[in-house]
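Participant: Use these hints to put chains B and C onto chain A, whose structure you have.
Here are the chains, one letter per residue:
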Amino acid sequence: MSTETTLQKLRERFPNAIQNIYPFRGETTVTLPRESLLQVARWLYTDLHFEMLLDLTALDWLPREPRFDILYYFLSMQNNARLRLRVQLASNDTNIPSLTTIYPGANFYEREVFDLFGITFNGHPFLHRLLLPDYVTGHPLRKDHPLGYEPVEFTHTYAEIQPGKPNAVAPPKPRRLIGSVGGAVTELPLTLGEPATPWSGGQSETLLINMGPHHPSTHGVLRVALEVDGEKIVNAMPDIGYLHTGIEKNAEYKTYLKAIPLFDRMDYFATFFNDLAYCLAVEKLMEVDVPERAQVARVILCEVQRIQSHLIAVGSQAMDIGAVTVMTYAFREREAALDIFEMVAGARMMTSYFRFGGLAQDLPLGFSDAVRAFIQMIPPRLKEYEDLLNKNPIWLMRTRGIAEYTAEQALAHSVTGPMLRATGVNWDLRKASPYSGYEQYDFEVPVSTRAKADVLECYYIRMEEMRQSIRIVEQALAKLEKTRGQPYVTSNRKVAPPPKQELQSSMEAVIHHFKLWTEGITPPVGYAYASVESPRGELGFLVSSDGTPKPHRVRVRTPSFANLQTLPMISKGYYLADLVGIIAMTDIILGDVDR
Amino acid sequence: MTLDPIVITLIEAVVKTIVVIVALLTAFAYLTLVERYVIAKIQSRIGPNRVGAIGGIALLQPIADAIKMIFKEDFWPSQADKIIYTIAPGIAVGTALLAWAVMPLHPSTEIFGYRVDFFIADVNIGVLYLLAIGSLGVYGIVLGGWGSNNKYSMLGALRSTAQMISYEVSLGLALVGVLMISGSLSLVTIVEKQSFIWNVVWQPLGFIIYFIAAVAEVNRLPFDLPEAETELVAGYQTEYSSLKFALFYMAEYINMITVSAIAATMFLGGYQGPFGILPGVHWLVLKIMFFIFVMMWMRGTLPRFRYDQLMRFGWQVLLPLALANIFITALVMLVVGA
Amino acid sequence: MESIPFYFLAALAVLAALGVVVMRDPVYSALALAVVLTALAGLYVLLSAPFLAAAQVMIYAGAILILFVFVIMLLSPGREGDAPRGALKWQRPLAVIFGGALVAQLALVLLMTILPTGRGLYTPEYLAQIGSTQAVGAALFTDYLLPFEITSLLLLVAMVGVIVLAKKKS
Chain A
69 MSTETTLQKL RERFPNAIQN IYPFRGETTV TLPRESLLQV ARWLYTDLHF EMLLDLTALD
129 WLPREPRFDI LYYFLSMQNN ARLRLRVQLA SNDTNIPSLT TIYPGANFYE REVFDLFGIT
189 FNGHPFLHRL LLPDYVTGHP LRKDHPLGYE PVEFTHTYAE IQPGKPNAVA PPKPRRLIGS
249 VGGAVTELPL TLGEPATPWS GGQSETLLIN MGPHHPSTHG VLRVALEVDG EKIVNAMPDI
309 GYLHTGIEKN AEYKTYLKAI PLFDRMDYFA TFFNDLAYCL AVEKLMEVDV PERAQVARVI
369 LCEVQRIQSH LIAVGSQAMD IGAVTVMTYA FREREAALDI FEMVAGARMM TSYFRFGGLA
429 QDLPLGFSDA VRAFIQMIPP RLKEYEDLLN KNPIWLMRTR GIAEYTAEQA LAHSVTGPML
489 RATGVNWDLR KASPYSGYEQ YDFEVPVSTR AKADVLECYY IRMEEMRQSI RIVEQALAKL
549 EKTRGQPYVT SNRKVAPPPK QELQSSMEAV IHHFKLWTEG ITPPVGYAYA SVESPRGELG
609 FLVSSDGTPK PHRVRVRTPS FANLQTLPMI SKGYYLADLV GIIAMTDIIL GDVDR
Chain B
688 MTLDPIVITL IEAVVKTIVV IVALLTAFAY LTLVERYVIA KIQSRIGPNR VGAIGGIALL
748 QPIADAIKMI FKEDFWPSQA DKIIYTIAPG IAVGTALLAW AVMPLHPSTE IFGYRVDFFI
808 ADVNIGVLYL LAIGSLGVYG IVLGGWGSNN KYSMLGALRS TAQMISYEVS LGLALVGVLM
868 ISGSLSLVTI VEKQSFIWNV VWQPLGFIIY FIAAVAEVNR LPFDLPEAET ELVAGYQTEY
928 SSLKFALFYM AEYINMITVS AIAATMFLGG YQGPFGILPG VHWLVLKIMF FIFVMMWMRG
988 TLPRFRYDQL MRFGWQVLLP LALANIFITA LVMLVVGA
Chain C
521 MESIPFYFLA ALAVLAALGV VVMRDPVYSA LALAVVLTAL AGLYVLLSAP FLAAAQVMIY
581 AGAILILFVF VIMLLSPGRE GDAPRGALKW QRPLAVIFGG ALVAQLALVL LMTILPTGRG
641 LYTPEYLAQI GSTQAVGAAL FTDYLLPFEI TSLLLLVAMV GVIVLAKKKS
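Protein chains in written order, with our numbering: chain A, 69 to 663; chain B, 688 to 1025; chain C, 521 to 690.
Keep in mind the hints are simulated off the structure, nothing from the lab.
Treat the numbers as computed from the prediction; the structure is a model and nothing was measured.
We put the CB at the ideal spot given by N, CA and C, even for glycine.
Keep in mind that a hint or two might mislead.
[To be verified] Derived contacts from chain B toward chain C, CB cut-off under 8 angstroms, selection only:
(1) Asn811
(2) Ile812
(3) Tyr816
(4) Leu818
(5) Ala819
(6) Ser822
(7) Leu823
(8) Val825
(9) Trp833
(10) Leu845
(11) Leu872
[To be verified] In silico DSS-like links for lysine-lysine, alpha-carbon gap of 30 angstroms or less:
(12) A:Lys451 x B:Lys728
(13) A:Lys300 x C:Lys687
(14) B:Lys728 x A:Lys459
(15) C:Lys687 x A:Lys640
(16) A:Lys568 x A:Lys547
(17) A:Lys562 x A:Lys618
Extracted from the complex, chain A is given alone in its bound form (with noise of 0.2 angstroms):
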């Protein structure tokens, strides 16, 4: 079904409900009155059968009335259609209907909302604020909110520092958050000595563990308050925001280049994929050419990237349960590839290697022969890794019928990625919406066969994307022997810099270098998204522009942020050791949930 088909329906179902409809990019954003929003995105997701609500944000337009834009982005996996619903909001009145009751996946998003920008959503069963702690005034991603800073001292005495700093007394902490969470009232404690009290009503024997935010297994600081009746989890909650670095709020005060680094620092495990992500928005938004060997280079790169990535969530889902010499055989692998990323950017995790419209410089001599090695390398590793497990049956009775969910939840939490596809759903955008290139390469995409998804089917699902990777990467170095010599970045001057030569001889060259360098590049006012198959799931960059160099808006919907709501509904009733490799089969990166 296409994007006119669907706005034919949607004008015809709801001819008074929409205000403006705006087509920008190819992409179509439909502007709703708040009145009308429960009743369209309910008929979306049962007659127009989009799934998924794949992501939900706002933009602040001040000094703009209505001040708020709320954008709903909603995904059909079975027409591969995407639509955005926008609600416009007056500063003088933030409240509008939750969406949780249609898609359960939009709790997160709207706790996120309401933390940074203060919006209400009404009907939301938990709102409390989710990246921050609940003892913050404020919202930081509203216009008005400045960016926070250490000032610098230039005196030691102390009667001159104090009364220039903010006031040292915090508000009193709540001690405990309490909301509804599948219908069942739910506390969320926050001091983290609390003594063994019930904890959910009804249920009178069970103990409040916290697991993390200082914990071997939760990959990184993740708080889950649990609920356990002997070991066994009756509640779940995870609690995060320990690892808020406020990025998207720092990406508006950057130029569009220099935010670049800053979403490396997001999931550290697929920098290619952040930074991908993020240039193919802003490429979108500024209609840029990608040079073919380019994109080669940026297949090549994520692809080798996701096999590291898979690498340790295999390995520390090994380890999680109790095998860690597959978690050192994987970190050993791990090293090829990070030498990889050390020969063409430098760095070996934040590569920063991307630009917009291509590559920061070409590939070294030798990237080729060191890729190849390391494909060549990775397959018998692999078969050494299911030596030791696929057979192992203590690895077998801990992972088979663990964490069992189905197709239907995992789309209404708004899951993507292995963890989708462990459920038998076909969805990889490589396929389903290709980019740089993707439609050029022969390869599968591995689905689970079996009816409900659990750790092992996630794990099996991860070892033969590897292997399939293996076979992109193998075409792609074809390609880039018969580019050997073509431009890796765009000949765009708005966009990418003239090569130093040009600058002796041309006087355009030189004003072309000048404002990038001084000014940085200028897209025009709008927005658009753009997503990636990451490690994860979909990584999506939503870059909103208001025609100066920096941002209005960079929003991030990250696989891993997604993937984690579902840990209350997927870890009820199974024990606190499978816990651990729960929280391993989402393989969440903490940056990339808390960024």
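Facilitator: Chains B and C alone, transformed into the frame defined by chain A:
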């Protein structure tokens, strides 16, 4: 000059005890090094190779570790039960060491005209003594977990109680077959009776059951649930630091040596070696090292059981097998003996 | 000289037994009970009954008491003094009656040992000759076979009862 025989016996016992304890503590220190090195090799890492390294192995590492442990802050959780928190590591080490009182190390020999027995005591219920002392070892873990007043420690303590009680049953029953063959509870007699053929030939099933239960008894992978580091941080020893932590660590390694020594004594002929080459104690040490290596190997290979799976395995697989083993042994002895 | 270990163990057992009653914290009481049981095991050794001693430690201290501790830890009832007073009003008279009966029994036994009644069959010399383990085994499987089997049946009944009670209706 002649001495009162009682005084001689006393001196002999004290000297032997000191020798055994010093040997065990040294063995513990170097086992930590061996374990780190073996696991490193299995996991394709380098392992300790700095402190006093000879041939790439840091031979002085245990001493460095000990010094570090001593100078670490001795941490007291504010809500801990001070007395229990303090005595728990002591109980753990004490019971671990006590087991060695009845272990025969070497055939009796004449030295300077005295007949010297290379065991501290030959109790005629030696095997039962070992089991009794082993069953007390769980107190150290339980009290340590309870005294720390930490939920992870508490869960670790609960797990270990259930686990050790469950596997002790199979452990004891697996030894019954050997006792039936030997017709004695004395370890010395059991060893002497294996001078021709090791018991493992007659008791293969009992041997396997014993070894599995023993691994569970000393909380090693795949049965290391009480301290499962990915789930319970460090289980019962989460709050422990400094020397108290070192004591728990010591108890764990000495228990490893103990169960290996029992396996060697009961099933592999103890200090008996083939053809009389090498003095007996060498054979015992070799056999113990073999078992310890297998335990390290398992740690490098296997994932961890889950609590309920572990209990099910203990009660529904190991225990019936152990009972069947006794039944079959009795049957065979009846038929052959008749 | 031989009586030194006896007096030491006896004193330990009595003191620890007092501790069981006097301690406020149930965990400490349980630990004191463990000391009592271990001291009794030592007394058994002095009486040339090492099998009984080992069984005592293995079963009582190593298994039963650890389950006590387990339950105490699970329920964490806190200090005894925290409980409301006079919860069981008939407890005190009952305690006096049974305590009195126990003292009378002990006195009777003491009288019987002081009176010259001769020695029993299982003297240390006899035990050393046949072995203490064998003596226990022979006694259990011949003279006391019926009580032995009844005990095991009783334990089985208890176990079944526990399973029935503990199993949740699902």
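Participant: Taking the hints in turn, state whether each one holds.
Facilitator: Now the hints, each set against the structure:
no., hint, in the structure
1, Asn811, "holds (7 angstroms)"
2, Ile812, "holds (5 angstroms)"
3, Tyr816, "holds (6 angstroms)"
4, Leu818, "holds (6 angstroms)"
5, Ala819, "holds (4 angstroms)"
6, Ser822, "holds (3 angstroms)"
7, Leu823, "holds (6 angstroms)"
8, Val825, "holds (6 angstroms)"
9, Trp833, "holds (5 angstroms)"
10, Leu845, "holds (7 angstroms)"
11, Leu872, "holds (6 angstroms)"
12, A:Lys451 x B:Lys728, "holds (19 angstroms)"
13, A:Lys300 x C:Lys687, "holds (16 angstroms)"
14, B:Lys728 x A:Lys459, "holds (23 angstroms)"
15, C:Lys687 x A:Lys640, "holds (21 angstroms)"
16, A:Lys568 x A:Lys547, "holds (27 angstroms)"
17, A:Lys562 x A:Lys618, "holds (15 angstroms)"
Violated hints: none; the structure is consistent with every hint.
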